[in-house]
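Peer 1: Chains as they are written, first to last, in my numbering: chain R, 937 to 1659; chain C, 1279 to 1462; chain V, -17 to 239; chain B, 6 to 416.
Since the hints were derived computationally from the structure, they do not count as laboratory data. Idealized CB from N, CA, C, for every residue including glycine. Careful, some of the hints might be misleading.
[What the hints assert, rightly or not] Partial pick of chain B residues on the chain V-facing surface, computed with a CB cut under 10 Å:
(1) Glu10
(2) Met55
(3) Gly128
(4) Thr153
(5) Thr271
(6) Gly296
(7) Tyr341
(8) Thr342
(9) Glu410
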Amino acid sequence: MALDRRSFLTFVAGGAVGTLFTPVIWKSIDDTAIWTQNWSWIPRLEHGPKAYAATTCKLCPAGCGLNIRTAGDRPVVAEGRTDHPLSQGGICPLGAAAVQMLYSPARIKGPMKKQADGTHQLVSWEEAEALLLEKLNEAKGQGGNVACISGDENSTMNEVLSGLLAQMDSNRFFLMPGESLTASKAFGSWLKQGVLGYDLENADLVMAFGADLLDSWGTAVRNKKAFGAAHPIGEQATTEYVYVGPMQNTTGAVADKWVSVAPGLEGVLALGIAYHLLQSGMIVPEALDFSSYRSFVLSRYTPEYVSKVTGLSSEQVAELAVKLRRANRPVVVPGSAISQGNGVFSLAAVMSLNFLLHPVNSPGGIFVLPDLPTVVSEAMEPSIIRGNDLVSFVQKITAGKTDRPSVFLVYEANPVHGLPQAEAMSKVFDDTFLASFSTFYDETAARADLILPTPYFLERWDDVQTPHGAGFVSYSVTRPVIKPLFDVKPAGDVVLGVAEKLGLDLGFSSFEKVLEAKTAALAEMDGFLTDKVQPWQVRTGASPAPAAGNQWRNISRGAVWTTAVTPFVPAVLLAARELSQAAPPDVDDWAYPVRLASITSRAHGSRHIAIPPFCLPLLGEEELQGKTFYVRMNSTTARNYGLKANDRVKLVGPGGECVARVRIFEGVGLNVVAAPLGFGHTAWDEFSRGKGDNIYNVLTVRTEPGSDLSVWADSRVRIAKAY
Amino acid sequence: MEEKKEGPSKGAVVVPFLVGFVAAIAFGWWGFPQLLYSSKSQPLNFTHLNHVQDYGIDCEDCHYFRPDGSYAGLPSNEKCAECHSMAMTSDPDEIKFVEEYYEKGVEVPWLVYQYQPDNVSFSHAAHKDEDCTACHPDVGSTNELPPYYENRLTKYSKETMKMKECERCHAKEGASNACQVCHK
Amino acid sequence: MVLYLKEFKIKWGMVIDLDKCTGCGACMVACQAENNIAPVVDASDKRRSMTWLLVYQLSNQKLYPDHDVAYLPRPCQQCGHPNCVPVCPVIATDKNEEGGIVSQVNARCIGCRYCIAACPYHARYFNWHDPVWPEGMEKTLTPDVSTRPRGVVEKCLFCHHRYMQARDKARVEGRDPNALAEGDYIPACVEVCPTGAIAFGDLMNPNHKVHQLSKSPHAFRLLERLGTDPQVYYLSRREWVRRQGDNILEHETVEGV
Amino acid sequence: MCDKELWPAGVQRCSLKYFLAWLVVVFAVLGWGVYAFYVVWSSGLHVTGMDNYFAFGLYIIFDLGVIALGAGAFFSGLLYYLVRVEGLKNIINLAVIVGFICYSGALLILALEVGQPLRSWFGFWHPNVHSMLTEVIFCITCYMLVLTIEFVPLILENRKLNKIKLLHHIAHNFHVIMPLFAGVGAFLSFFHQGSLGGMYGVLFSRPFVFREGFFIWPWTFFLFILSAVASGPAFTMLIATLMEKATGRKLVDFSVKALMGKIAGTMLAIYLFFKYLDTWGWITGILPRAGLTFDQMYYQLAYGKWLFYAELGVCGLIPAILLLVPKTRNTPGILYTAAILNCIGIVINRFVMTSQALANPVMPFDRWYVYVPTWAEWAPALAIIAYGALVLSLSYRYLPVFPQERKLNPV
């Protein structure tokens, strides 16, 4: 039969009908729908047994315990550790994003050398280490013309680095500026062997001056845990929290009481309170300078004066004094909302309340926390390190008052972005050899002549010694939970190797050995592990079993070591001389009329970590819009400067300026503009680069009379509408 | 009547129609599956029966529940290497395991006949009293591993149980058929 | 209009103490990591971002210095009488399982977004974009929650996979999977919260803390008067916070809302 | 080249060159729309202005609008075939074509609107019988079939096609059973117009659109039916007038238009009576029970109260009066203006029910947002209009759409 058109059509019709009785159409439709579950460009899940690895976080100085959940050896999620006294199962947003940061696009893939055109080129470790050796050798020949900046206050890495410097006859070892420097200037004369800690857990009244206790200040997660325990869900609070500070930040929002005081005036209010306490007959018997302190306070910080300067009523000030006097175990926490740039006046004034209220080392008050023994030969003593003022050093160099080091080593720090007046300060790195030990391609790495990438903290050994703001001594170890993803090398190993080639003997062949020695050295002190009894419980009568067994084995697997030993304190000084010299003047600054309340939040990263991808959704609509960030002021302030919500505003400080949008927020004091640090990155990755401006640029450094300390927590700016 | 004469004869209509119909049926039921599925074989031939009969290994020695309630469906290299860290025979599959997988630290990419999509979370613990072969092919009583057919479009195994079958049994047993009991 | 009401012997619920929430956002980050939500470069596009758990900032609307703020974390409210469920044309979302969690199966969802229109809490999110992880970061995906393609709706499920895992653990240990103890099953956000602002448990079980807390005079639920009957309760001793939990007419007074 | 033998007998059409030039314009717009379809399907709905607040956008508003305006088909059919309003004979073909265009266009847009078009058949295979949207999916699809069946005989009446005996018979027999389809169509139409309204009315968590009602149907169910019936005939009549203006030929007798106007006016008046009652109940009942006030429902210009007054006053009451009073209705200019206002009012209603309902924040600490559609939403909408123009142009040129055309345009 010939195939004519008609029979062909009939054939097709038959085929079509036949097809309906086969799976072809139905299965295809179904499978196409199933295919949409399985698009090749969307990752599939990988299965594997669930396990946990206990370690310690290094993303900020708070030293929280992290439990890294793994699925078939892949780290997947960071969880809290209930057995860690600094976090007790809690976690901050930055810590919660820790695992994903492993794969941050800003990770440095291998050692890099700066090219003539300013770009970086990957080189081998041999070449990189040879270059470092060459530069250090030159510096050694010049009599130790080398300086080091460490961004990690708590690591034994500081011993390795300061030991290297010391053996090269340099004492220019600096931490990124923090509050331990201020404390050292204020109390260093009598507090040689430790730092002051705050026993929040046993307190029944916590009054924080400036310190953003519940977000980023000190041991933030532990502070929150203490706050949480004192505010049982659905029940009456057992401890009152009062926040004295410039704005309703995280702490101000949730504290039982918020007292609005502009940055820089916390000390004035504290002495105003001290006035009442002194009037009621309180004394500090163990203080040598009590009488000069007493007469200074009573003569100058009268209720009228304090009320005039702070804008609070005399009744409000008196009420705070009553609160403190009535409490059984009150503790007062001094600080600045950004944990840096605080003056001796502010710190000593606030701290004096603690001395007035109860003797040092009483439960629910302040404790002297001893430093841990050092193990690296010739490493600087912690108390010396705390007293080195980086900002003054940089200012002296730029002013030509001291010579510029020929080599700068920067370890896990980002001074190019994160020093006050950052733009001007970073000029210190001009005409020097800058080597950056960093995990991420931050602004300092981008500027560096040599990048020596460190493993991410989930890939390396490291440790955390008693963080600033803690209430007790602690030691815990950071341990690798995954092999390094890239061609990176622990900075400790690099430095030890180079030192050896320089003919210096630091006493160790690898950083892991340093940590082992550190752990062994802890045996000198009467310590215990926190698995059953917590250090604050010891102060109220609990008795722990002394640490036994293989210390390194226990601690390297996550155990936390602590001690209840407190050094003997024969006498204290209230820093009365410094208080009287550093007291802020009564005149107002008309050139820069607005007080700048800078904000740090763990949601914005930390000093050396830019905002992680997973924290971006935390920024509200009025914190970041596209590339523009917001500063906050109340409606009265805004009106005074002709500003409305969403207007573009320029903040001008003596050293720099930046542009933002206005967010009207009534939780900011009068004539105060609140602005977040941690924005305006120029390096890093697409997640953080180019978003907002760098407020560090408008911070203003002044030298505090009396202490000669660089201070910028009380910076001031001029604001005007920007077009 | 006139119209009928004008039209073609019955046969001329019916025959091509039938040819088309039969061709479509044949293609749909035989050719189409050939196109839709690709056949794959296991990376190694594992001899279940030998392991059970000759060496007295229990099923649960390799296929066990972890303490957290999850199910270790397939043994890892480590498990196999408890015996096979070195080749004990000249069996090519055993040698391949040792050289290609164990020593290189690569897990054996076993093809699971019953592998469920990512959006399904099958709880072995909830079904631990059922017979394994109610869902899985009975590989335990033979030394041969059957071929694995993969749907080219969906990338799932041909034998992957469809939701209907799960639902039917759940309904019969009085178990919940709420969506999230199985989906994730 | 009640088409859909089912009672359960177990009702998983949250009680969130707004006087304890600092708004730090750790819960939001933990949620993303736990549930395999992809990061986005411009997360400031709030109207397209993916935040199963979102922390709202509440203001008492007063001027300085009388101003007060509160933070309100908003997971899916797991309504007892959800509006999203009856409207779904393909049963991709359902409230049918013991425990009362409103399910959402992305493989069934056709992306019509009717449920998003129905939800007054904005707890439902549409995948406007295909999820993209920076290179390598997909290795941090947990095996517990499937990835979702663009074009489907998703939402908080109270970390339902953790419920399943807790049940499996109970089964293997020979316990009754339908009688989990308090703490056996806890969503990721509850677990990480550093101030312990969130309590979680079975609202029907008098031995669980949430049972009592939900009856507190300071407890309220969001938009309660609409009749959605949420399984998420909030606590606050501040009256202005409780007032903002629902729409209140000027002349209406709020007693222990 | 000439296509004259394809024209309906005894009528005049423009030259093929003219016609093709017009089609080029139509296809240009269509092409832009097809490109938008490609972009949306290949990259996702983020190219639209929709977001987590505006789950529905221009796609849905457009669909609701054209489905309401396309209601002329079923209501004219109902009146003509079942109630036997003979005057409608002269416009019923156009009503069917307009209905066909509106429904097929709406379905095309729906294929864009769903995030997973390849799964859209789940609506039939895994239906949730409680969902108003399920009712919509079923009824719209079925009614689309009915409209196609109603359109087919008209196509077969093309001069060339009708010469084929078989097709002639089919066309004839279809006509005979047309009342049956008209009835089925009317039933389906009632239900899906209603379900579209019901979709909003059942949203008890959205006080802006929530309505109580009868059994499972909220009042919006019935209001949507009535409003569609009130605007559909007016729209059909306006299309006829537009075609007359475009072709320069008289196609329908003015009395037919006036009749359509009268039907629309009557239905509009009935609709408004209930709509006013409903609005009153909403303001005094539903809103206060939800703790809200009338004033809180409106925001700035985009969602201002002017919409309320425009919908129910200027584009509601006024056209209803103009269409009901014989004197104004029989004045062509006024008739057309009133019909246009009528259609605008219904479109405003659909916009408000969709966009404003979603913009309206329900949580007290939430805020208003404004929805702005992007090109990816305008392009397909315009393409559907172009598609309508294409179908109408082809139908007018080649099919005997207007029975009166020969009489009204003597050669």
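Peer 1: A separate judgement is required for each hint: does it hold in the structure or not?
Peer 2: Evaluation of the provided hints:
no. : hint   : result
1   : Glu10  : violated (47 Å)
2   : Met55  : holds (8 Å)
3   : Gly128 : holds (5 Å)
4   : Thr153 : violated (23 Å)
5   : Thr271 : violated (31 Å)
6   : Gly296 : holds (3 Å)
7   : Tyr341 : violated (36 Å)
8   : Thr342 : violated (35 Å)
9   : Glu410 : violated (43 Å)
Hints 1, 4, 5, 7, 8 and 9, counting from the list given before, are not met by this structure.
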